[in-house]
Amino acid sequence: MIRPHRKHSLWLAYILHRISGFCLAVFLPFHFYLLALALTEPDRLDGFLSWTDTPIVKLAEFGLVFLLAVHFFGGLRLMALEFFPWSTSQKTLAALAIASAFLVATIFFLQVI
Amino acid sequence: MSTKQEDIDVSVWRGDPHSGNYENFKVPAQESQTILDVISWIQQNQDATLSYRFACRVGMCGSCAMMVNGIPRWTCRTHLNKVLNGNKLVVAPLRNLPVIKDLVTDMDPFFDKWIAAEGLHHPSKTRLDPIEEIEPKSIGRVEIDTGIECINCSICYAACDTVTNNSDYLGPAALQRAWTVYNDVKDADKQTVLDAVSGDGGCLNCHSQGSCSVHCPNDLNPMNAIAGLKRATVASLFSRKG
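The listed protein sequences correspond, in order, to chains A and B. Sequential numbering from 1 applies to the first sequence in the working numbering. Sequential numbering from 1 applies to the second sequence in the working numbering.
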């Protein structure tokens, strides 16, 4: 239950950035441990990689990419918010421009692969 | 006067600095009434011992702010029908400030922090000097314009979770005031302002949650002012000698 004074988009952006950051921080040690298996125990790594082909892990990967995207754009937002001496409308326009550019580029990328 | 008289269920916080609880009142609904009207009606008709604070009743003095259904608001300019939750209204003293009695909070910590943030004028001239001309459209003056309409109501201070978690944090209003002083070309001691706002309880504590700007009744943007102080603090790291 979100308390009434926090029910606005700025606070939502803040909490999404925090939660995604925390989840990524939890994920990273496992990520590096698995990468290290390529050097120490290649057979175990291959076993794990075949497990990652299962649908549930694919779904989890989607979540991971979502977390990365949320945290990445949340970070850009925060830096723009705090370090650009622009007016609110200028920042909204800049955010719209970046979002549209990203959308067009992603559609192009999906068609290419 | 409305033709049909429905009662509103109003829960009002009653208590002293140490303890308290919500007390329920039935208040007749009017066609047009503010939260302050509701509280005044209770005090005048049901319980004369109810303590609350107000003065101007027109949104200028900043003394009547309270938590209304969980959101800090200026009660004299908040219409009941805009915030009524079903038929219920919950009114409590402002968050982040010590309660004196009922809906009255001790504003001392709030105003002490205005002083601590050096939100005061440091003169650069004597009375014998000519008055300095300020170009109304200069960047600094435009930046100041957005901040000086603050009425010291403490709504931003009550909305801020950083204040809740760090009692040393100067808070949005004091920092916004410091930002206006920092941008004032007539101010002679900007470094003192910067030192005051970049210390332990200063602008760098702000997490940019934005509740101050969202709930400010005068549509000011303290978060933006604090971001300005953060930029000035970072810039001073590169420019300061020694």
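Since the hints were made in silico from the structure, they are not lab data. Positions of the beta carbon are idealized from the N, C-alpha and C atoms, including for glycine. Don't take each hint at face value.
Stated by the list, open to error - Facing chain A, from chain B, some residues (calculated, C-beta under 7 angstroms):
1) Thr-49
2) Asn-205
3) Ala-227
Said to hold, decoys possible - Computed cross-link-like contacts, DMTMM-like style, restricted to lysine to aspartate or glutamate with a CA-CA straight-line distance of at most 20 angstroms:
4) Lys-7/A <-> Asp-219/B
5) Lys-91/A <-> Asp-184/B
6) Lys-91/A <-> Glu-143/B
Cross-check of the supplied hints:
Taken as an interface hint, Thr-49/B does not check out: its beta carbon lies about 28 angstroms from the nearest beta carbon of chain A, beyond 7 angstroms. Proximity of Asn-205/B to chain A is violated relative to the hint, the smallest CB-CB distance being about 13 angstroms (cut-off 7 angstroms). At its closest, the beta carbon of Ala-227/B sits 4 angstroms from a beta carbon of chain A; the interface hint therefore holds under the 7 angstroms criterion. With a CA separation close to 17 angstroms, the supplied pair Lys-7/A and Asp-219/B stays within the 20 angstroms bound.
For the hint pairing Lys-91/A with Asp-184/B, the CA-to-CA distance comes to about 25 angstroms; that exceeds 20 angstroms, so the pair is violated. Restraint check: the Cα-Cα separation between Lys-91/A and Glu-143/B comes to about 16 angstroms, which is no more than 20 angstroms; the hinted pair holds.
Checked against the numbered hints above, the structure violates hints 1, 2, 5; every other hint is satisfied.
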